[in-house]
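Trainee: Given two chains presented individually in distinct reference frames, assemble the corresponding complex, making use of the accompanying hints.
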Amino acid sequence: MSEVALLQLIGLLVVALGVAILLFIQARFLRVVGFVMIVLGTFALIALSIPQMASLPPAEEKFDVATIKTSADMAAIGQKIFFSKGQCALCHSIGPSESARCPDLKGIGAKLTREFIYESLTQPQAYIYLDYRHEGPPKQYPARMPHINKNPIGLSNNEILSVIAFLQQMSGEPITVSPSEILQPTAAAVALAQAR
Amino acid sequence: MTYHGKHRERRAGLWRRRAWSVAALIFLTGLLGIPLLGLAQDAAGTAATVAYRDIPQLGGSRNIIWVIAQQHLLLAGFVLGVPIFAWVCEIVGVRTGDKRYDKLAKEFTKLLTSAYATTALFGGILLFMLLGFYPKLMAYLTDIFFPSFVVYCALFLLETVTLYLYWYGWDVMQGGGKKGLHLFLGLLLNVFAFFIMIVPNSWATFQASPVVVAEGSALARAWAATWNPTWWPVNVHRLIANVVLGGFICGAYAGMRYLSANTHEERVHYDWMGYVGNFIGVFGMLPLPFAGYWLMREVYQYNQQMGITLMGGFLSWLFILQAFLIGVLFLGANYYFWLGITHRIEGSEVKYRRPIMAMLVILLLCLGVWMTPHSLVASLEEARKMGGTHHPLLGVFGVMSAKMTVVNIMILVTFMSFIIYWRAGKQVTATWAKVAQKVMGGVLGLAAIVVIVLGVWGYFVPAIVRINYFSVAQVLIVLFVLVTITPLTGLLMKSARTTTEMIWGRMPPRAGYALVLNAVMVILLMTLMGYARSSSRVHWHIYGVMRDSSQYAYSPALGYAAAFMSLNTFVFCLLVAFIFWVATMGDKAKAGEPGTKKKLPAGAYPAMAGGSPTLDQREG
Numbered sequence: 001m002s003e004v005a006l007l008q009l010i011g012l013l014v015v016a017l018g019v020a021i022l023l024f025i026q027a028r029f030l031r032v033v034g035f036v037m038i039v040l041g042t043f044a045l046i047a048l049s050i051p052q053m054a055s056l057p058p059a060e061e062k063f064d065v066a067t068i069k070t071s072a073d074m075a076a077i078g079q080k081i082f083f084s085k086g087q088c089a090l091c092h093s094i095g096p097s098e099s100a101r102c103p104d105l106k107g108i109g110a111k112l113t114r115e116f117i118y119e120s121l122t123q124p125q126a127y128i129y130l131d132y133r134h135e136g137p138p139k140q141y142p143a144r145m146p147h148i149n150k151n152p153i154g155l156s157n158n159e160i161l162s163v164i165a166f167l168q169q170m171s172g173e174p175i176t177v178s179p180s181e182i183l184q185p186t187a188a189a190v191a192l193a194q195a196r
Numbered sequence: 197m198t199y200h201g202k203h204r205e206r207r208a209g210l211w212r213r214r215a216w217s218v219a220a221l222i223f224l225t226g227l228l229g230i231p232l233l234g235l236a237q238d239a240a241g242t243a244a245t246v247a248y249r250d251i252p253q254l255g256g257s258r259n260i261i262w263v264i265a266q267q268h269l270l271l272a273g274f275v276l277g278v279p280i281f282a283w284v285c286e287i288v289g290v291r292t293g294d295k296r297y298d299k300l301a302k303e304f305t306k307l308l309t310s311a312y313a314t315t316a317l318f319g320g321i322l323l324f325m326l327l328g329f330y331p332k333l334m335a336y337l338t339d340i341f342f343p344s345f346v347v348y349c350a351l352f353l354l355e356t357v358t359l360y361l362y363w364y365g366w367d368v369m370q371g372g373g374k375k376g377l378h379l380f381l382g383l384l385l386n387v388f389a390f391f392i393m394i395v396p397n398s399w400a401t402f403q404a405s406p407v408v409v410a411e412g413s414a415l416a417r418a419w420a421a422t423w424n425p426t427w428w429p430v431n432v433h434r435l436i437a438n439v440v441l442g443g444f445i446c447g448a449y450a451g452m453r454y455l456s457a458n459t460h461e462e463r464v465h466y467d468w469m470g471y472v473g474n475f476i477g478v479f480g481m482l483p484l485p486f487a488g489y490w491l492m493r494e495v496y497q498y499n500q501q502m503g504i505t506l507m508g509g510f511l512s513w514l515f516i517l518q519a520f521l522i523g524v525l526f527l528g529a530n531y532y533f534w535l536g537i538t539h540r541i542e543g544s545e546v547k548y549r550r551p552i553m554a555m556l557v558i559l560l561l562c563l564g565v566w567m568t569p570h571s572l573v574a575s576l577e578e579a580r581k582m583g584g585t586h587h588p589l590l591g592v593f594g595v596m597s598a599k600m601t602v603v604n605i606m607i608l609v610t611f612m613s614f615i616i617y618w619r620a621g622k623q624v625t626a627t628w629a630k631v632a633q634k635v636m637g638g639v640l641g642l643a644a645i646v647v648i649v650l651g652v653w654g655y656f657v658p659a660i661v662r663i664n665y666f667s668v669a670q671v672l673i674v675l676f677v678l679v680t681i682t683p684l685t686g687l688l689m690k691s692a693r694t695t696t697e698m699i700w701g702r703m704p705p706r707a708g709y710a711l712v713l714n715a716v717m718v719i720l721l722m723t724l725m726g727y728a729r730s731s732s733r734v735h736w737h738i739y740g741v742m743r744d745s746s747q748y749a750y751s752p753a754l755g756y757a758a759a760f761m762s763l764n765t766f767v768f769c770l771l772v773a774f775i776f777w778v779a780t781m782g783d784k785a786k787a788g789e790p791g792t793k794k795k796l797p798a799g800a801y802p803a804m805a806g807g808s809p810t811l812d813q814r815e816g
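Chains A and B are the protein sequences, given in the same order. Just so we're aligned: 88 in my numbering is position 88 of the first sequence, and the numbers increase by one with no gaps anywhere. So the number in my numbering is just where the residue sits in the second sequence, counting from 1, plus 196.
In isolation and in its complexed conformation, chain B is listed as follows (with noise of 0.2 Å):
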């Protein structure tokens, strides 16, 4: 037998196995989830005699859900995050050819692979938690949702049995025809993905804006609980804000590998893909305000108490610190960009020099903008002085006309700034570059114009009309400018000369901080908006259906609610970190084989002693 025969022996041999191995793990879970559904029933039988447990020694009921819960919903936003961008590359790589991408897209889906038991572990306990501590209200859902679980149980043995092949088929499916049945299959795991986030936010949508549910079918009452006021919205919002966190999650990653680099190939490898997580997370960004703002306006058409509650009420100050985390969000994608043109594109850095500046000038005013506050803080002596507790000048900067304006103005910085990034180091040759220009410049000026005076304007008219109209035109001017000096952009550079080729692998060690600061934002504002959209319900379990009578039932304040998303949050990097080591530790003993890779000179580590671009192009 040849060599290529028995390799391919081996091949069957190995992938028979784990062929099995799959198929037992469905069978194992199947089993795992019947006693899972038959205990949800059961809970509706006994709920009448126990509406609630504790275990106080260990912090609380609550505090324990808290915990669980978040750390399930944050690695579900990564699982389900993760194959829509992965996906994307593999297409990328086979449709440029560029084999780079498909080692990404993989490299992205081990990521997913390693991650995705976890995350049904954390599910698991979360479902066990859950019956436990809260079986009336548990029972209740139960009652009304069930077809939902079942449906639930089904779409994950799919999306399980669907990246295993996915990712365990990789290498196989390469060649031929095959690598378009590996693509369907990504498709497929992304179709299971969205149904499998869609399902379980009916049921926490319908906790938080219930619809009446009549009498009818298990399957009629339980379409008539989803289909409720907030659950596309939500859907929407948690899509975007998922491939947002997997993107920056990613861009962390390769920061913190790029760090930790010893050799070239890591360093080139690693900035680049922390490039391409950075940019999908920023990508995401752009549109993710307006789909809160599409969430927040029906929030309020269903339940007017309850928008009041989240933006005038005892949660009005959580906006504030929202304001701030997606502030340094922006800044640190943005600089992020600024030091890849200033690092990565010779002679940048005095070009765009000015540009940059003024661009931070910008995100900064903006920033202190959206963070100033509608009401102080003042003592009764300082309120007199100032004439009530909104400043005279400050007070204006308070309202929504003019934070909408402002967070509608970073998203156009942003925007710019990569489009800076995309046209540095080359020169375009279209014969209509230059009307294309002009014509960009004027949309963008005219937007800015517009979106500015649209502000200004919303002070003078009532809150109606602002937030119906002239909020909604703001977001469609900024939208318009994405998509039309986007294409633009791509059509010019299709036949731009490049002028300066980028060099991968030379950024200072702040961008690897930088990638993993904006990761950390990210966690951080889903903690916060989960904390939200939770006390926003008040003393209910189901908004105005099911009260909360437990000890549990009010709001904590902020402070402690925001040391609470501080210690979730470094669990979950703490508990990422691990899942990626283990997942990344065949790499690094591949790499310490004797042979494999080129170790870089003392001089040229980049991390934390500071590049030498000339002993690294000595290297490359």
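So here's chain A without its partners, still in its complex pose (with noise of 0.2 Å):
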């Protein structure tokens, strides 16, 4: 018997006994326990009487050092960062947006350095590119940019120059970060991912 089949089962029963508690039991208390047994009964019922969806989560992305082969790969992964761990996208947009509490990143990866980008990545008060002032009225939920290094995102250094190959591939400029930039975990780190 499927699931669904099942609780409607129980739907069903949970029904049948409100209506035998109504019609052969005359205390006060267990007849109003019996109406509410038939209320929840066919709201039950109703909802497995409609299009049954779970909501699976998609598979788990992980930085893995092992699969990066070219500065292509390191972009796919810096993407992937960009939208997840890295949380850059709750603040910034791509291309214009209403929503976006920050400057669109749009084509920086054509207008920064590399060098530029990562300072404001790991010391984003250093330097404000006077391009990215906040023009017009005041966001309403206005964000400092954090240090995407530290706690609470604390990207790796590895996640960082991914996440600044995307920006520039993004840009449809050349990448350039190079794989063989990326740091190689010591041997105590692999036996500490193991571990866990």
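Everything labelled a hint here was simulated from the structure, so no lab data went into it. Take the hints with a grain of salt, since some may be wrong.
Restricting the straight-line Cα-Cα distance to at most 16 Å, the calculated cross-link-like pairs of lysine to aspartate or glutamate (EDC-like) are [said to hold, decoys possible]:
#, chain 1, residue 1, chain 2, residue 2
1, A, 150, B, 411
2, B, 622, B, 545
3, B, 295, B, 367
4, B, 622, B, 542
5, A, 150, B, 339
6, B, 374, B, 298
All values derive from a computational prediction rather than experimental measurement.
Mentor: Have a look at this one:
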């Protein structure tokens, strides 16, 4: 028996029990309980009669150094970090957006050097690029650029380089970050990861 | 020593003992709270090793949390909603001098006091479960929100002290200037309750709409995370919803007591209390859709994908269920008003039969439109015959433009039910009454027409125009109707002559069941929308920041979830029934004392055997 069929059967039993209570029992409290059982059972039966769709999570992405062979691999990983662990998309958009709270990053890889981007991510208040001042009315939820390499985001150096590779690729620029710059994990780190 | 002197001394002794009990309780709560905070901090340190724990034998961590959190939230909603209208009732009692309101306010507070400890108990269990099952998530949240955890504990202590003073001081603070102090305590109770609600709201809304938390002091980081895009919409929505929940639960309590009333006095009192509970529920229900609309707008503005998941994705059918529940709630609330008109006011049945029938037809039509799904489940052959998944006629009603329109019409109809009830049995005497009635009729008619015109027009404009301008205009028009007709009717009724007295205690048993139905619908709605809000985060603990990588990262289908909601609602109803039964044990014992109350003759029992108005009058 499928899960839906089983739940439908339980729902029917609950409604039937509620009806039986109302028909045969005179105690006031129990009659109200029977009435509530009919209402709840009916609700569950209605919900079970409509299309049943569960929302399954997508496969979890892992930053695996061993899979990185080319700069494009780095950019692909950087894109995933940009939209997940890096939390960049919480504030920045790629292209104009009404809801973005911080500067649009479209074409940023062409405007800024990789060193400048790296500094903006790790020391955001060191230098504010004038093109990226807030223009117009102040945003409703202004956010100060956090240090990406520190908690709570805490991206590793490899992850930051991958994000830079993505920003460059997304801007149509040649990727200047090389896979050779990726730091290989030490034996101790591998052992720790395996232990986890 | 005189009798009064002894009485005062005894009362003072009792008061001292209670004060000591309160002090001891606060101290104990504080002692309990400190290790909890320590645990929360410890979790930050050990989180790196364990992300999740589980007890699959008990149904799995997620289901356990689901049940406990739901019970806690429902109880908390009741506990935070009731003080608002208990306090308002007390003020009305003071201002009008009508002791019934003071008695009612005290009865509301008694229910609140008995539910308070259970709420805290479930809150404690929930915290332990969360720390145990989700250490990594809790460590992250603790790292960000620790200062607000401390504030929350302090607020809880203040709320507890105020509640005990408010409840136990009720009789002591009745006379002279002490009543003012009691009212002030009621105000404080509500202020603390409001902050107790909005602080944890910040934790939950941060999970749904996180903002970037930069470096800074612990306080600055906590504040940055607190001030997230859905915090205030949820605060407002929950505040109103808590009043609705509290009102309808008190109504259901009164309905139950009415059904089992043994004396005429009890029937009169609980009939009236049921009316007040239903009125509070309806009063809160009218602006609730507007608050919900604001919340959804903010969700869309924050993250369109989340909005689409809710309204157009796998959760879209959930809103058909929501329409069903709200529709039944509207019908139940109106039905109770109509029963009141026809049973409490003699001669009204004939006079109002046609308007009531018209309102019923309008409500049913609106409910039909609201429940029409946008796309139908159809076989390939059926889809070919229809020319797609959208039915050529019904498909028109499946879109937001139609739904927004019918919701607004249903609010207007419910409002009219209330106005009719208010005016029934009274004759207006003011010289300007005719003009006022024409103005009110014009405002209502015009508002209904404009709401429908905007709804139809909405089909021919881009979605953004409809959402940003047309829907907002519909909401504002209905609000305008509420804020113009209510005071005008109030002014008219001030000088009106009563032609038929309202007789309490004559409602048929089905009125009691209608009150219970309304409460069940509200509880189900809260469980349903809790599931919606949680599922809109899909596979994220904190949307876009911390992924749920446990085996429970999926959102279950609606049928399974609805079965769980029904279970949660049933458990909650039993829990509340038990708490109220315990709380009113003393009253029943007092009522059982010889000579305290008149027992009704067998023929006059209203609840199960059908009331006899003739007998009632003779008894009265």
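Trainee: Please flag the earlier hints that this structure goes against, numbers listed from lowest up.
Mentor: none
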